[in-house]
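Q: Protein chains in written order, with the numbering used here: chain A, 711 to 1025; chain B, 711 to 1025.
What the hints contain is simulated information worked out from the structure, not anything from laboratory work.
The reader is advised that the hints may include incorrect statements.
[Stated by the list, open to error] Between beta-carbon pairs, the in silico distance windows are:
#1 B/Ser923 with A/Pro758: 15 to 25 Å
#2 B/Asn899 with A/Arg893: 48 to 58 Å
#3 B/Gln779 with A/Arg871: 49 to 59 Å
[Unchecked claim] Which stretches of chain B does chain A cover? Using the computed rule of at least three CB atoms under 8 Å from a CB of chain A, they are:
#4 783-790
#5 809-819
C-beta: ideal position from N, C-alpha, C; glycine also.
Number of protein chains: 2
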Amino acid sequence: MISTPFDPSAEGPRREDAVLERIVEILGGKGLLKEIRNIGDDCAVLEPFVGQTLVSTDVCVYGVHLDDQIFGVEDLGYKAMTSAISDIAAMGGRVRGALIGVSAPAGTDLELLHHGVADAAAVTGCPVVGGDLTQSNQLAVSVTVLGECPGGGAVLRSGARPGDTLLVTGPLGRSAAGLRRARAGVALNDELVLAHRHPWPRLAEGQAARGASASAMMDLSDGLGLDLHRLADASGVGVELTDLPVAEGATTEEAWSGGEDYELLIATSDPDRLALVFADRGLRAPLVIGRCVEDATSRRYRGADLPRSGYQHSW
Amino acid sequence: MISTPFDPSAEGPRREDAVLERIVEILGGKGLLKEIRNIGDDCAVLEPFVGQTLVSTDVCVYGVHLDDQIFGVEDLGYKAMTSAISDIAAMGGRVRGALIGVSAPAGTDLELLHHGVADAAAVTGCPVVGGDLTQSNQLAVSVTVLGECPGGGAVLRSGARPGDTLLVTGPLGRSAAGLRRARAGVALNDELVLAHRHPWPRLAEGQAARGASASAMMDLSDGLGLDLHRLADASGVGVELTDLPVAEGATTEEAWSGGEDYELLIATSDPDRLALVFADRGLRAPLVIGRCVEDATSRRYRGADLPRSGYQHSW
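Working from the sequences, and respecting the hints, build out all of it.
A: Set out below in structure tokens:
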């Protein structure tokens, strides 16, 4: 960024402003930029938020969060968006907009990447309101998602109480099973492979759970075997699991610690009301997996100790 | 990301949750987490914003935006924060909070990095409200800053009109001169080197310019030689420059296209009022550099054509 004079007559690599213009075209062509009144400005200026403001940042690295030998950069863009949006779902919020920070090696197909971003923005109704583009040795996409909870009441992971029922919004292990199948050569449009490439954030389910006064909630991005402990730690409760819903085609290990399913883990003192609200909104019934107990040190599955298992980075 | 089981008894690299805990300690120790009611949740939940909501993302890559042979990771953390905050300054806003997305190679001193982030958060009054941590080949820090404009009226870069006076908030080229001096072995606490390591976002000046009804504004992150054209393009005006304020110790080339000075470029129809508001708030007087003209194709400095020159990435 220091002293690299710009030569408008230069052949060769496309310059930043030209690439940005093309990206704005890609996003604008899908009607995804309507909230931006000032493309090219230093900041996006957004209309007032309703109720609580939610905000979260996720970084997706090509080759770490997505196998760069199998999946294209459009999948990285798509997955970076929807996995970040899942954090808004996990609070029971609705999305307002996303900012995309891309650091990319020379030669990266940035248009393809942003086609993936645009597709995810379109299916989730989350316009892109800003971003940044820079150079790096390894492709990384940082997505910041803004959301809101009209009327307040964002569902934290710290609100579970002894006696609460624990549920998940769907069977687990689909993403890990999909990755395994893709590595074995299964087609990229296989249902489980799609669950890995294009995870679906449970926005409707999260809002339904908030509407049903769920006591605690989080998404299962790192796997139930790790995230369940995090919810229990934050809430100061123990857990007694009775069931592990394993998705068809997935192994128990994948369901337990594969991660990236983005199903929601919900605690509630009134599971009947939760089921009713889900049914009323046409959503698949949530699955009971167990309950919270008083002894915060007790973490058990069918009588046996429940070790922490799931994905963590190391440094 | 998939199926790397967590072994709590493992020796060696520190696990993600432990690193995050230490980072929260570093930030919390400086009183910078007061807005967060839910550390560890999927999203930060923020109190309602006043007026317009501003949001911007910037990515700083170690070795691209900051020389990794000279400057430490604490400088990267500091600079990533303050250069992102400069985008809020450039709209005339005040800061509400920042999210830090870090992708880092194994062995990165993440505590040192976050000490830099915490120092910048402290001096700018911008609490860290969230973040993400992941692995990558090259250290990159993505900062999303949230701000607000009470009463509205964020100053866009598209509002300049023919006849408006153009001003900058300070002499230019300090950052590029500082980098040159550091590479020549000058001490890291040299004034110009500090301007490169720890750029200061012009928050007070931006708010003063908004208060004085400036017509257009932006920060000079990529250098006047490029950013001036961007403001003129967005506003549909031409420019006639009369002065280039070169900082003491900097060359004309550094002032023109070095970039990263983070001074503000301001257009106003009432430069006397602007000067008055700045003086009233105890701010250094802004420097007149020229004016806007009707012919949008005319970009001139003392009668000569003004080429675009400044930093752009290529792909």
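Q: Each hint: holds or not?
A: Each hint tested on the structure:
Distance hint check for B/Ser923 and A/Pro758: the Cβ-Cβ separation is about 22 Å, which falls inside the suggested range of 15 to 25 Å. Between B/Asn899 and A/Arg893 the C-beta distance comes to about 52 Å, which sits within the given range of 48 to 58 Å. Taking 49 to 59 Å as the suggested C-beta distance range, the pair B/Gln779 and A/Arg871 conforms, at roughly 54 Å. With 0 residues having a beta carbon nearer than 8 Å to a beta carbon of chain A, the segment 783-790 of chain B misses the requirement of three or more and the stated coverage is violated.
For the segment 809-819 of chain B, the proposed coverage by chain A is satisfied: 9 residues have a C-beta within less than 8 Å of a C-beta in that chain, meeting the threshold of three.
Hint violations for this structure: number 4 only, all remaining hints satisfied.
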